[in-house]
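Residue-level listing of the chains:
Protein chains: 6
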Amino acid sequence: MKVKVIRKEHFNAAHRLFNPSWDEEKNFAVFGKCSYPNYHGHNYELEVSLVGDPDPQTGYVYDLKLLSDLIDEHIIKVFDHKNLNLDTPYFKNLNPTAENIAIIIWRILRQHIDNQYELKIKLYETERNFVEYPAH
Amino acid sequence: MKVKVIRKEHFNAAHRLFNPSWDEEKNFAVFGKCSYPNYHGHNYELEVSLVGDPDPQTGYVYDLKLLSDLIDEHIIKVFDHKNLNLDTPYFKNLNPTAENIAIIIWRILRQHIDNQYELKIKLYETERNFVEYPAH
Amino acid sequence: MKVKVIRKEHFNAAHRLFNPSWDEEKNFAVFGKCSYPNYHGHNYELEVSLVGDPDPQTGYVYDLKLLSDLIDEHIIKVFDHKNLNLDTPYFKNLNPTAENIAIIIWRILRQHIDNQYELKIKLYETERNFVEYPAH
Amino acid sequence: MKVKVIRKEHFNAAHRLFNPSWDEEKNFAVFGKCSYPNYHGHNYELEVSLVGDPDPQTGYVYDLKLLSDLIDEHIIKVFDHKNLNLDTPYFKNLNPTAENIAIIIWRILRQHIDNQYELKIKLYETERNFVEYPAH
Amino acid sequence: MKVKVIRKEHFNAAHRLFNPSWDEEKNFAVFGKCSYPNYHGHNYELEVSLVGDPDPQTGYVYDLKLLSDLIDEHIIKVFDHKNLNLDTPYFKNLNPTAENIAIIIWRILRQHIDNQYELKIKLYETERNFVEYPAH
Amino acid sequence: MKVKVIRKEHFNAAHRLFNPSWDEEKNFAVFGKCSYPNYHGHNYELEVSLVGDPDPQTGYVYDLKLLSDLIDEHIIKVFDHKNLNLDTPYFKNLNPTAENIAIIIWRILRQHIDNQYELKIKLYETERNFVEYPAH
Numbered sequence: 001m002k003v004k005v006i007r008k009e010h011f012n013a014a015h016r017l018f019n020p021s022w023d024e025e026k027n028f029a030v031f032g033k034c035s036y037p038n039y040h041g042h043n044y045e046l047e048v049s050l051v052g053d054p055d056p057q058t059g060y061v062y063d064l065k066l067l068s069d070l071i072d073e074h075i076i077k078v079f080d081h082k083n084l085n086l087d088t089p090y091f092k093n094l095n096p097t098a099e100n101i102a103i104i105i106w107r108i109l110r111q112h113i114d115n116q117y118e119l120k121i122k123l124y125e126t127e128r129n130f131v132e133y134p135a136h
Numbered sequence: 001m002k003v004k005v006i007r008k009e010h011f012n013a014a015h016r017l018f019n020p021s022w023d024e025e026k027n028f029a030v031f032g033k034c035s036y037p038n039y040h041g042h043n044y045e046l047e048v049s050l051v052g053d054p055d056p057q058t059g060y061v062y063d064l065k066l067l068s069d070l071i072d073e074h075i076i077k078v079f080d081h082k083n084l085n086l087d088t089p090y091f092k093n094l095n096p097t098a099e100n101i102a103i104i105i106w107r108i109l110r111q112h113i114d115n116q117y118e119l120k121i122k123l124y125e126t127e128r129n130f131v132e133y134p135a136h
Numbered sequence: 001m002k003v004k005v006i007r008k009e010h011f012n013a014a015h016r017l018f019n020p021s022w023d024e025e026k027n028f029a030v031f032g033k034c035s036y037p038n039y040h041g042h043n044y045e046l047e048v049s050l051v052g053d054p055d056p057q058t059g060y061v062y063d064l065k066l067l068s069d070l071i072d073e074h075i076i077k078v079f080d081h082k083n084l085n086l087d088t089p090y091f092k093n094l095n096p097t098a099e100n101i102a103i104i105i106w107r108i109l110r111q112h113i114d115n116q117y118e119l120k121i122k123l124y125e126t127e128r129n130f131v132e133y134p135a136h
Numbered sequence: 001m002k003v004k005v006i007r008k009e010h011f012n013a014a015h016r017l018f019n020p021s022w023d024e025e026k027n028f029a030v031f032g033k034c035s036y037p038n039y040h041g042h043n044y045e046l047e048v049s050l051v052g053d054p055d056p057q058t059g060y061v062y063d064l065k066l067l068s069d070l071i072d073e074h075i076i077k078v079f080d081h082k083n084l085n086l087d088t089p090y091f092k093n094l095n096p097t098a099e100n101i102a103i104i105i106w107r108i109l110r111q112h113i114d115n116q117y118e119l120k121i122k123l124y125e126t127e128r129n130f131v132e133y134p135a136h
Numbered sequence: 001m002k003v004k005v006i007r008k009e010h011f012n013a014a015h016r017l018f019n020p021s022w023d024e025e026k027n028f029a030v031f032g033k034c035s036y037p038n039y040h041g042h043n044y045e046l047e048v049s050l051v052g053d054p055d056p057q058t059g060y061v062y063d064l065k066l067l068s069d070l071i072d073e074h075i076i077k078v079f080d081h082k083n084l085n086l087d088t089p090y091f092k093n094l095n096p097t098a099e100n101i102a103i104i105i106w107r108i109l110r111q112h113i114d115n116q117y118e119l120k121i122k123l124y125e126t127e128r129n130f131v132e133y134p135a136h
Numbered sequence: 001m002k003v004k005v006i007r008k009e010h011f012n013a014a015h016r017l018f019n020p021s022w023d024e025e026k027n028f029a030v031f032g033k034c035s036y037p038n039y040h041g042h043n044y045e046l047e048v049s050l051v052g053d054p055d056p057q058t059g060y061v062y063d064l065k066l067l068s069d070l071i072d073e074h075i076i077k078v079f080d081h082k083n084l085n086l087d088t089p090y091f092k093n094l095n096p097t098a099e100n101i102a103i104i105i106w107r108i109l110r111q112h113i114d115n116q117y118e119l120k121i122k123l124y125e126t127e128r129n130f131v132e133y134p135a136h
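Protein chains in written order, with the numbering used here: chain A, 1 to 136; chain B, 1 to 136; chain C, 1 to 136; chain D, 1 to 136; chain E, 1 to 136; chain F, 1 to 136.
Don't take every hint at face value.
Pairs count within a copy or across copies, as identical chains cannot be separated in the list.
[What the hints assert, rightly or not] Within a straight-line C-alpha distance of at most 27 Å, the following computed DSS-like cross-link-like pairs (lysine-lysine) qualify: (1) Lys92 x Lys2; (2) Lys65 x Lys26; (3) Lys26 x Lys77; (4) Lys120 x Lys2; (5) Lys65 x Lys33; (6) Lys65 x Lys92; (7) Lys92 x Lys26; (8) Lys122 x Lys92; (9) Lys120 x Lys8.
Derived by calculation from the structure, the hints in this document are not laboratory data.
With these hints in hand, go ahead and build the complete structure from the sequences.
So, in structure tokens, the structure goes:
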């Protein structure tokens, strides 16, 4: 049986939910306050989990210090204290919902973590709204 | 791969654990302090999760504001500041354990959420006792 | 300069806010859902703090295990899994608001803790509603 | 002895720390990532406390439902999902640090709460950075 | 569909990560500060979950008071306020990583809980580092 | 009126409570499990607060990034992943209770923070046991 290991990190960012093919009125009807034009923001809490077998030499599935460094280099440095819509390349044509941010983070990290490890993202936009990708 | 979205709500309620086919002594032997006749209560924390595909127009699996409204109308209005045994129709012949409350909440919400979305309930009775339904 | 030490405990109880000199309508106007006749309940989180000088032999202001035992004997055993209105002697003629519960807990514990220690109570009714007594 | 009652609310907002009399370089030297031009944001947690005597008729120092409504009308409606620098009148010439936001919230609420009640603000910008006003 | 029930407990322990077949230098290169010779420690938070069907007589999948007692007898009494490397029989030849502690706890509890119940361990070493066993 | 600013940090350490002028039996009678000879440990959460006036140029009472760096250099580097009794100079002749650790941290930081700022330490040994120094 395999073990799952989880590392939790955070970043603070601004964003706005907005579909550019709709007018302001429709955007407000669908996204409410999240569509306000001058952005709002969140303290995002990010949990990254990996599944694998503990290494018999170390007892680690994956060194969580190394995982933390990977998240820092590829996610925190890119997203923290940024405007997700304007300052990152990922949300020029993609709405920065929690769902889409989690998918993007998964795609970025997947390139840097060996495929022997299952990878999963849990992202808290607030204490009461959060998402997981993939769901299973 | 699908995404899971979760909305967390809460309600405060009184309850008592009690099997009416047993006498007080056996109820106390099985349920301990939870069987005290005049009720006690909890701050229940409720997490409702849905699994689906993000809509390409919105980036939402499900509008969590809409999910919050559904929970409010069908669960919070019915359970909040109520005596679960006396004031709700669900626990006249069913013991209001966390397990049974979670199953009831699932059954109520299942009627109002399209079957394309997997639905799951996580219910905290206290920070140290909580349940999930369905388990998988 | 003195040190403050704090011990956190919890109890689960039912209560109802109600002024018997008013009719149901006025009680509902003032206390809203908290006045529902069949009670609701809370997971109360209780912080008890004492101020004093560390003992040079132990480094303790007060043994928190001993404080925990005192709280258990005089508060938890009396309030936990009880109906505050019906099952305790304190709220027969006193509304069990968080304010009044905190004052009662202070008065009970004050009898069991030497007056050389300042005593203060912080009581969480929910994560979002809480009180302190005395205020200063 | 008086009782303190506390109500906790939250809002999500974008902001940027910036002194317009300095150039970008000096702003970055002083404010670091907080000075990035396109804003970032936070889930602000706000605790509002009042000190007073419990009313003998109600057992309340202050109805926390009423306090919640006041905070909602005068603070949350103005700050939530807004850009504090651009969308509110308060930070046109005042840097929206946690310190200054807390002072502004205190000044707004002070006008709506009778002076018999001491008023205090605690504002969490993140779980690890927070402020209180007034300090004593 | 089955229900999962979860009980959360905690223990405080010292440990050191160390592979005795390596020298100090290699241990420090792999385990960093966790390899310091005189031990450090953690407040471990332990979640034990069981999956089964609610009993029609009680509404319980498993009496969480009984589960708490089992955890107390077989885990807390053995691990709490102990040095995991020196004071327990489990980590004489096994590195006490969170992964290995979770596996050991699972093996101990599996002997005391009927196999009709799926058993799972979640162990928090810190708020930011935690593991689950089995992963699925 | 002045503002209080707070920065929260953490460290993980081992310790043992023990009075060397007493025998093992008396140490166990007074300190219980905390006196076990091979040490146990905690995730210490440390809140450092400063009181002062916001600087009109920055809106800061004190740059919390700078405060975090000071705590890191003088406290975290010295205490984190250490055995408080064996690896630090402070507890050779002083019992490392939460009270004494808080006093030591205050004394260390007081040397590095201008006296115009009131300084206060809050230290969580566990979620349920914590201390403040000075108390007022």
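- prompt: Any hints this thing doesn't respect? Which numbers, in order?
  reply: The structure conflicts with no hint, since it agrees with every one listed earlier.
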